[in-house]
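The lines below spell out each chain.
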Amino acid sequence: AQSVAQPEDQVNVAEGNPLTVKCTYSVSGNPYLFWYVQYPNRGLQFLLKYITGDNLVKGSYGFEAEFNKSQTSFHLKKPSALVSDSALYFCAVRDLPHSNYQLIWGAGTKLIIKP
Amino acid sequence: DAGVTQSPTHLIKTRGQQVTLRCSPKSGHDTVSWYQQALGQGPQFIFQYYEEEERQRGNFPDRFSGHQFPNYSSELNVNALLLGDSALYLCASSLGLADNEQFFGPGTRLTVL
Numbered sequence: 001a002q003s004v005a006q007p008e009d010q011v012n013v014a015e016g017n018p019l020t021v022k023c024t025y026s027v028s029g030n031p032y033l034f035w036y037v038q039y040p041n042r043g044l045q046f047l048l049k050y051i052t053g054d055n056l057v058k059g060s061y062g063f064e065a066e067f068n069k070s071q072t073s074f075h076l077k078k079p080s081a082l083v084s085d086s087a088l089y090f091c092a093v094r095d096l097p098h099s100n101y102q103l104i105w106g107a108g109t110k111l112i113i114k115p
Numbered sequence: 116d117a118g119v120t121q122s123p124t125h126l127i128k129t130r131g132q133q134v135t136l137r138c139s140p141k142s143g144h145d146t147v148s149w150y151q152q153a154l155g156q157g158p159q160f161i162f163q164y165y166e167e168e169e170r171q172r173g174n175f176p177d178r179f180s181g182h183q184f185p186n187y188s189s190e191l192n193v194n195a196l197l198l199g200d201s202a203l204y205l206c207a208s209s210l211g212l213a214d215n216e217q218f219f220g221p222g223t224r225l226t227v228l
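Chain order of the listed sequences is A and B.
So the first sequence is residues 1 to 115, counted in the numbering used here.
So the second sequence is residues 116 to 228, counted in the numbering used here.
Calculated from the structure, these hints are not laboratory results.
Just so you know, not all the hints are guaranteed correct.
As the list claims (entries may be wrong) - As a list, the in silico DSS-like pairs of lysine-lysine whose alpha-carbon atoms are at most 27 Å apart:
1) K114(A) x K69(A)
2) K58(A) x K128(B)
3) K110(A) x K77(A)
4) K58(A) x K69(A)
5) K49(A) x K141(B)
6) K49(A) x K22(A)
Whole structure, please, built from the sequences with the hints as guidance.
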């Protein structure tokens with residue numbers, strides 16, 4: 001069965017430091033992987049996706065993620081955190097080539113950037 | 116270019132009542148997915164509509180039903196509301212079933228008393 005795990009409920013980082021939000025997944029086929037961000041009282045915003053190709057994916061707002069097939073991970077990273085990055089981050093996976101287009105979501109990680 | 120819109124923003128109902136939530140997809144999108152997000156959890160897939168038909172369904176009871184109109188807008192209906200139905204209901208639109216990027220609306224916060 002497909003699943004996504006975000007092992008950290010909360011990540012605290014000082015402004016200007018690098019940040020990492022972890023995600024591991026389990027699928028039977030090849031994964032399509034996504035990161036979304038959710039600000040308070042707002043819907044989910046797309047950050048980046050991995051479909052195929054280069055394992056390092058660059059996305060919005062300076063975020064990037066690295067796909068690691070052997071570790072079944074897709075960790076979200078940013079070289080220098082901003083206070084405005086504080087939000088809830090979700091990792092999601094879609095299992096291809098199965099004909100099921102629904103996304104399976106992690107429980108989310110609250111990112112807190114301290115000035 | 117209008118994004119995904121949802122109405123109403125907030126809704127309070129009592130147990131046993133019925134509710135209808137509405138979603139208008141992003142301009143140019145033809146596929147609508149609905150998600151339930153309980154407090155402190157990730158979204159749970161309810162179902163997806165394309166060409167006015169339900170194409171995929173998550174693990175939700177038949178009390179949850181939907182509809183898609185010719186203009187691609189969609190409704191989510193929940194009958195016989197339970198306290199556990201209290202959640203943020205998110206609508207996401209995309210172009211085609213295989214499109215990989217979904218655009219989300221701000222959600223409807225449903226409270227069941």
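Verification of the hints:
1. K114(A) x K69(A): The given pair, whose Cα atoms are some 32 Å apart, is violated under the 27 Å limit.
2. K58(A) x K128(B): Not OK: K58(A) and K128(B) at ~43 Å, beyond 27 Å, violated.
3. K110(A) x K77(A): holds, 14 Å
4. K58(A) x K69(A): holds, 17 Å
5. K49(A) x K141(B): holds, 19 Å
6. K49(A) x K22(A): holds, 15 Å
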